[in-house]
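A.B. asks: Quick one: dock chain against chain with the hints and give me the complex.
Chains as they are written, first to last, in this note's numbering: chain A, 1 to 257; chain B, 258 to 581.
Think of the hints as simulated: they come from the structure by calculation, not from any bench. Wrong hints could be hidden among the right ones.
Dumping the calculated DSS-like pairs for lysine-lysine here, alpha-carbon to alpha-carbon at most 25 Å [what the hints assert, rightly or not]:
{"id": "1", "chain 1": "B", "residue 1": "K369", "chain 2": "B", "residue 2": "K477"}
{"id": "2", "chain 1": "B", "residue 1": "K369", "chain 2": "A", "residue 2": "K95"}
{"id": "3", "chain 1": "B", "residue 1": "K282", "chain 2": "B", "residue 2": "K326"}
{"id": "4", "chain 1": "B", "residue 1": "K442", "chain 2": "B", "residue 2": "K282"}
{"id": "5", "chain 1": "B", "residue 1": "K311", "chain 2": "A", "residue 2": "K254"}
{"id": "6", "chain 1": "B", "residue 1": "K411", "chain 2": "A", "residue 2": "K95"}
{"id": "7", "chain 1": "B", "residue 1": "K326", "chain 2": "A", "residue 2": "K95"}
{"id": "8", "chain 1": "B", "residue 1": "K326", "chain 2": "B", "residue 2": "K285"}
{"id": "9", "chain 1": "B", "residue 1": "K442", "chain 2": "B", "residue 2": "K285"}
{"id": "10", "chain 1": "B", "residue 1": "K326", "chain 2": "A", "residue 2": "K254"}
{"id": "11", "chain 1": "B", "residue 1": "K411", "chain 2": "B", "residue 2": "K282"}
{"id": "12", "chain 1": "B", "residue 1": "K468", "chain 2": "B", "residue 2": "K479"}
{"id": "13", "chain 1": "B", "residue 1": "K369", "chain 2": "B", "residue 2": "K326"}
{"id": "14", "chain 1": "B", "residue 1": "K278", "chain 2": "B", "residue 2": "K554"}
{"id": "15", "chain 1": "B", "residue 1": "K438", "chain 2": "B", "residue 2": "K477"}
{"id": "16", "chain 1": "B", "residue 1": "K554", "chain 2": "B", "residue 2": "K468"}
{"id": "17", "chain 1": "B", "residue 1": "K499", "chain 2": "B", "residue 2": "K525"}
{"id": "18", "chain 1": "A", "residue 1": "K95", "chain 2": "B", "residue 2": "K554"}
Each chain, letter by letter, is given below.
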Amino acid sequence: MNMVNLRAIYSIWLRDIIRYRRDRSRLISSVAQPALFLFVFGTGLSQGLAIQGGLGGGNNYITFIYPGIIGMTILFTSIFSAISIVWDREFGFFKEVMVAPISRAAVAIGKAVGGSTVAMLQGIIILFFAPLIGVSLSIPQLFLVLPLMFLIAFALTSLGIVVAARMATMEGFQMVMNFLVMPLFLLSGAMFPITKLPGWLKGLTIIDPLTYGVDALRIIMLGPKAGAYSLVSDLTIVTVFGAAMIVLAVFMFKGTE
Amino acid sequence: MVIIEANKISKVFNGATAVDKVEFKVDKGEIFGFLGPNGAGKTTTINILCTLLKPTQGVAILNGFDVVKEPDRVRASIGIVFQDPSLDERLTAWENLNFHALIYNISKELRKERIQQVLEMIELWPRRNDIVRTFSGGMKRRLEIGRGLLHFPKVLFLDEPTLGLDPQTRNYIWDYIHQLKRREKITIFMTTHYMEEAENCDRIAIIDHGKIIALDTPAKLKNLVGGDVITLTTNDNKAAAKEISGRYGLEVQTETGHLVFEIANGEKFLPEFIGRMQEPVTSISVRRPTLEDVFLKLTGRKIREESGSAMEGMRAKMRAMRRR
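Just chain B, same shape as in the assembly (with noise of 0.2 Å):
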């Protein structure tokens, strides 16, 4: 069953074309992934899926209501968790829910037991009357994500989940997510630009300057590189990229001091490999292909190469302070 559905939705900023004409259904319960370099589109497209922008052009449909049409009643459908931080640092994290709670028209004698179930399904329930300011970036992070379940939403948006957070922390925040996505029985829309978080998805939006350049399973789309991914150095790079495309017929890159090629069952292929090479190898290595080399292949660039600019650091460097 398809729960939302975007149908050529475009959005143009003062001439600029934001999102472009894009299209894709999610099925209910499944954690569907939007992946692209700072800048794609990818908030832009979440917050006309959630209401907040009106796209220039399309429709999108969620839980069967109009984003345009019916606003109320998508926004009573969807729970969301910003890429900033969104939380009443002076109240308490009950205080935060409760308002919520309120605010969403959970009725009385539901607000309680629903406020403390969440509580405890994020481990917060120890710490429910602390004022959220005293609270770490992670336990921030889980207290948005338990606020934007308080409410049942057939649909939780996760914007950037784990930006700013340390590696462990990111994994905890995972493991939260699978546990709700199983509990909860919700489907799950998210944005990353962390490719190995993009893995966890069960399937995935390759999204690049404003379009959708992919859109399938993990696995299905790390098929689209040819196999396995061979990296190796030897004495004279030169001579044995020149040997290896010359007999094998491969397409060699060389990459700061590596050269790199793809080829199916790499395993299999190594040791026939280093024994023919004439040119000696000195190191080498096989590995399967990562979204990385997904996004590589398709755009000819890598993802972080865009998202190191001044602005992008200081925005990062005020989102840590803040979710300190």
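For reference, chain A alone in the conformation it holds in the complex (with noise of 0.2 Å):
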């Protein structure tokens, strides 16, 4: 990477920076729907079902998907800046970038960077509801919850360029969110523990990235028992997903004309 390029992807990080910083609606509802899932989703069910022991360290419902919400919020975000290269295509900002003399890969480069900044202040904003669920997060926790949140962004957003880079136009966006989005939401277990299921759903939440990613969060947030792996190997799978994700983004992007 030489300077031409570091440039290029700085300028590509601060766009996204300016243009989240300027979308109000963007931040409050991005708030809006964590906060329902946390509190009225969370609230009911922990209400309605005495859930005891399956939750590991001993948390109650809200508590344990805690982690889970800022995991989704985070993935929700990651994709969605990544889907907005579709939108720079169709609005023809994208021409800009891909005639300037820097390497696709700063362009791919800049966008995960980016992305994986927006998606970690927007899981920061969520860090605030801390003291209304009941988690108090030490210093040292936080020091170790936003370089996490940093990884995971990097990993979701990276995947959402691999799928970006080839979708002409915002019709495939649905199709993404069906297909993609949820699917590694649900699977997570960011809503429910993934230690005690059936074979088959085992098996599909093993497959999903961001099941590491919510169980270090849960695991530095709630402590160790609350987690279904360890801290390390949740930790080197999302880097190894992340690194491998880039890298095929990187591809993706070299290809485009």
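C.D. replies: Now the structure itself:
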């Protein structure tokens, strides 16, 4: 990476940040959806089912899904940020980037870094709910959660770029929501424990990369007993997946004319 | 000095030839125009020259660099204003230019100064902190032209720079183009299907069905038409046409109730002509030939005839909406 391409990555990142800061409606709606899940769904279900023991670490349901909701927020924002490439293509801005004397790799990486920063910021907003849920986070915990959120966001944004690289129109967006985002979310164990599932469902959760992201968040925020796997294996899998996705995203971008 | 050289470039899309062995040279500092109907291959040629498309055959050299072998060097040498809008409408004018300056690697010291210089030239400095979405079509176009110039390119490509703009704004944009040619000593390569606009070029290539059918200065192209164009009406056009072709040996064309023919030194010819006509002339005019006449002469068609398809209309509408 030479100076030219570093500057290009920075400029693409900066554009995403400026647009995010300016888009108030996105900010509000991005808080509303997780809040609904957390307080309405979470409270309702924890009252209805007096789940005991199965959640690990003796947490109640709303505390249990809290890291999952952070994972969900990161997932939705990451994929949405990546899909904005398709908007750029439709509204012509993409051409401005494609005729610039910068490498295609810089374009893909800039987009991945920009999208993940925005997703991390969204995750941070959800962190402010912690006192309301009754979760207290120490400073060291926060220092672990922030980079973890960025790592998860980076992996998912890169995945989104791989999908968006060959999408010609926004018509495919609904497909992405139904066949990528919703399965990734529901199979990640964000809303239920994955340790005591029937075999077919367990198998599906294992191939969902977000499973390990949510699990790592849970371990750091709620303690090692709350996790289904070990923190080391979670981090390894998310990192390897993220690295594979960004390499693939760069590769896909090189092929676009 | 030659700055662009296209050597028999062709582009075939799924068996259809969009550009067919096109060959031309553009000199440094000139305004070079590609004139032709929609679908003639103008944008495809531009896309090849600015490295967005690879030619199926042929070689193109820009500022000394091969567009296929050294795309990054070519990209650094050119600025482009696309046919369709390509600004980020959610950013301010200044932010759009700053983005451009960053991806074109303009040094930090130079960046601020150059952005201000360009914004002042396109008269958008007072609006620099406004969101582009609030701009009029002409303002957006000016901003795009300014952006294309920001990184001191050697060649500025303008693909239908005034499409979808009203005539007044169109003249305005042309003032800017002439101004920047003087100030920045830049080569301009443009496409258009507006005849009047092509007159602004130093040299014009007329392109039809992917081939260049004529290439010269506007004045010399117009010499291809045999002198001035005379348009007249009479009570009996048929008899008059017969009389004219009989007496002068000229080819007379009938166009929606008018007779049209070409003659050298039209003004001197008129008084004698009217005096000798047996069929009384009810109205007559003489005008210098336009590029439209040249195109008609070369292809037997008018240039706009093919541009009215439903798809085109839709696209133009969409464009107009976005330009607002």
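A.B. asks: Next, verify each hint and record whether it holds.
C.D. replies: Consistency of the hints with the structure:
no.: 1; hint: B:K369 to B:K477; result: violated (44 Å)
no.: 2; hint: B:K369 to A:K95; result: holds (24 Å)
no.: 3; hint: B:K282 to B:K326; result: holds (19 Å)
no.: 4; hint: B:K442 to B:K282; result: holds (18 Å)
no.: 5; hint: B:K311 to A:K254; result: holds (14 Å)
no.: 6; hint: B:K411 to A:K95; result: holds (19 Å)
no.: 7; hint: B:K326 to A:K95; result: holds (20 Å)
no.: 8; hint: B:K326 to B:K285; result: holds (22 Å)
no.: 9; hint: B:K442 to B:K285; result: holds (9 Å)
no.: 10; hint: B:K326 to A:K254; result: holds (15 Å)
no.: 11; hint: B:K411 to B:K282; result: holds (15 Å)
no.: 12; hint: B:K468 to B:K479; result: holds (19 Å)
no.: 13; hint: B:K369 to B:K326; result: violated (33 Å)
no.: 14; hint: B:K278 to B:K554; result: holds (22 Å)
no.: 15; hint: B:K438 to B:K477; result: holds (22 Å)
no.: 16; hint: B:K554 to B:K468; result: holds (16 Å)
no.: 17; hint: B:K499 to B:K525; result: holds (22 Å)
no.: 18; hint: A:K95 to B:K554; result: violated (37 Å)
Checked against the numbered hints listed earlier, the structure breaks hints 1, 13 and 18; every other hint is satisfied.
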